[in-house]
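J.: Sequence:
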Amino acid sequence: MRPLHRRQVLRHVLRLLHEREDLVRPGANSRLALVVAHATLGDLPTSQVPRPCPQFLLPAPCALKNLRPNDLPTEGPCVTIGRVAVSDPAANRTAQVARAGGIMFASILLSRILGMARDTVMTAQFGIGLNTDAYTIAINIPDFIFMLIAGGGLSSAFIPVFSDLIHRKEEDSAWRTFSVVATITGLIAIVLIAITWILAPEIVGFFQGNKPAEALPLAVTISRILLPAQFAFLVGSVMMATLYARKHFLAPGLAPNVYNLGIILGATILPHFFGFGIEGMAWGGLVGAFVGNLLLPALSMAKVGSRFAPSFDVRAPGVRKFFILLLPVILGFSLPSMVNLITQKFGSEFGGEGVNTVLRAANTLMQAPLGFFGQALALAVFPVLAEYVAKERMDLYREQVSKTLRTVIYLGTMSGALMLALAPQMSRLLYGWGKATDNPAALAGIADCLRIYSVAIFAWCMQPVLMRGFFSLHKTLKPVVIGTAMTGLFILLCIFATRTSTDFRTLPWATNVAAILLAVILFFALETDVGKLDRRGVVETFLKSTVAGAVGGAVAYAGTLLAPHAGSRLWDLAQLGVFGLLGFWAFFLVGRLLKMPETAYLDRVLAKFARKS
0 MRPLHRRQVL RHVLRLLHER EDLVRPGANS RLALVVAHAT LGDLPTSQVP RPCPQFLLPA
60 PCALKNLRPN DLPTEGPCVT IGRVAVSDPA ANRTAQVARA GGIMFASILL SRILGMARDT
120 VMTAQFGIGL NTDAYTIAIN IPDFIFMLIA GGGLSSAFIP VFSDLIHRKE EDSAWRTFSV
180 VATITGLIAI VLIAITWILA PEIVGFFQGN KPAEALPLAV TISRILLPAQ FAFLVGSVMM
240 ATLYARKHFL APGLAPNVYN LGIILGATIL PHFFGFGIEG MAWGGLVGAF VGNLLLPALS
300 MAKVGSRFAP SFDVRAPGVR KFFILLLPVI LGFSLPSMVN LITQKFGSEF GGEGVNTVLR
360 AANTLMQAPL GFFGQALALA VFPVLAEYVA KERMDLYREQ VSKTLRTVIY LGTMSGALML
420 ALAPQMSRLL YGWGKATDNP AALAGIADCL RIYSVAIFAW CMQPVLMRGF FSLHKTLKPV
480 VIGTAMTGLF ILLCIFATRT STDFRTLPWA TNVAAILLAV ILFFALETDV GKLDRRGVVE
540 TFLKSTVAGA VGGAVAYAGT LLAPHAGSRL WDLAQLGVFG LLGFWAFFLV GRLLKMPETA
600 YLDRVLAKFA RKS
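Note that the sequence shown covers residues 0 to 612 in numbering that gives the first Met the number 0.
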């Protein structure tokens, strides 16, 4: 076919626009999305596509007459068919989730690394004993305020409300709602901080359990230093929710990193130059909280044109809906937000020095894959799920939830298998520094607890995805009721553990039971609202991942038996790197043999790398 002249192309386009003007609508950045007949641009090189019409969406010729305006996406990547670019809504959303997931993965990866570095610096500087237990107990008190105001649920309740107003082109109302929510949240935070400051000795005493009395004054001091940081966390969570809704992930991703960096600097610089003790970590955390959770989000919001004016106008659009969504979260105590607080409370009941520090260190290591995979993908997919709900595309919603669940199960099982096999190496390499080397029993305790925690990592990774699934539906009551019930069960299990055993390692087992039950119940509860998810695919991924994980973990563990510990950190690093890599490849290859679709992405990455090399 002879290429068409530009005037002929424009004439065909104008004629089509006249015939099907319902198909023209504003796209991203005020562009126009146009539909042209297949015959018009059949062999036209992309270089000859007229620039005044920057995006062409070409369906099959026979489908043109049946095309509806809502079938047209307004932005996003295109897949190439022949020489013609055709926009694919599914590819658009998948790519969007991948980009957002990449940003969140990188930021949470850095956050987890800094979190482990924070604990490494603490144990190296101050050992594993009564002082570090006092710090570990003390930081739970400010965190309790955050949970009391449903800090973790603020973003999840606010994003759907804010997104809905933006989607309806009611931007002024969206920013009015933000102003009211931020103002009320800040005021409540100030009141609770003042009350907790006064009651700090009593609250710390409750969490102290059977710890020696000399730990109480230090814990009270540290908790009072950190209390004002909760204002930054709570107001900052509302600010970051607006950034998530606008698909800006950088500032929210940096916030926890700045906070952890502040703690690390407080643990190293303040004791060295100013003579502070372990309370220097609290001062560093206070500065990091305000810089990371208030200053950085404020600067990012200014760039996107945010508007804030202090207001208590609860009649503003969306405010009532926000508090309706938030109320169940405030009244409930979900397991993910309460598990560390409860574990520390019952860990104190065992009384031994360093128990709280050991439990926290093992939990920090376990949380790494949860952050890398579960939380990163859940945060990235949340705006997409909310948009599908707004557009009433529940078929795409179910598909996206199922795919994300299968992905996090695959990655979580792999992580758990390798942690189970290599826990001693991880414990010694991360925490066997400085004064911590004086307590080898504590390092062994960290490894033991990590091995127990690793069994349920896949379930922890599922929970943030399932919770975001509920929140995107504007439904918070059901998951909060379920989470609160599981928290009650977890408390009963911890009471049983403390009364029937003198070994604090029973607490991680109680955590595993509650975590797995919560993931399973949330899955079936979500189905009652959205219809059946891909049950077969999810179960298949779990079973195949378990088989692959058993093989990968066995390979890594066998390597450590053949090359036993030689007493140096360099040897631990070599074991972790070599045997961890061998275990990963064994896991991947078994998954490939079992034809798991989750291995396809890595296949593409490896193929691309091979082509470049």
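There could be a bad hint or two in this list.
Pairs of lysine-lysine, DSSO-like flavour, derived with a Cα cap of 27 Å [as the list claims (entries may be wrong)]: (1) K531 / K474; (2) K402 / K246; (3) K402 / K594; (4) K344 / K402.
Everything labelled a hint here was simulated from the structure, so no lab data went into it.
J.: Run every hint past the structure and note whether it holds.
T.: Each hint, compared with the structure:
1. K531 / K474: Status holds; Cα separation ~17 Å.
2. K402 / K246: Since the Cα atoms of K402 and K246 sit roughly 21 Å apart, the hinted pair holds (cutoff 27 Å).
3. K402 / K594: holds, 16 Å
4. K344 / K402: violated, 37 Å
Hint compliance for this structure: hint 4 alone is broken.
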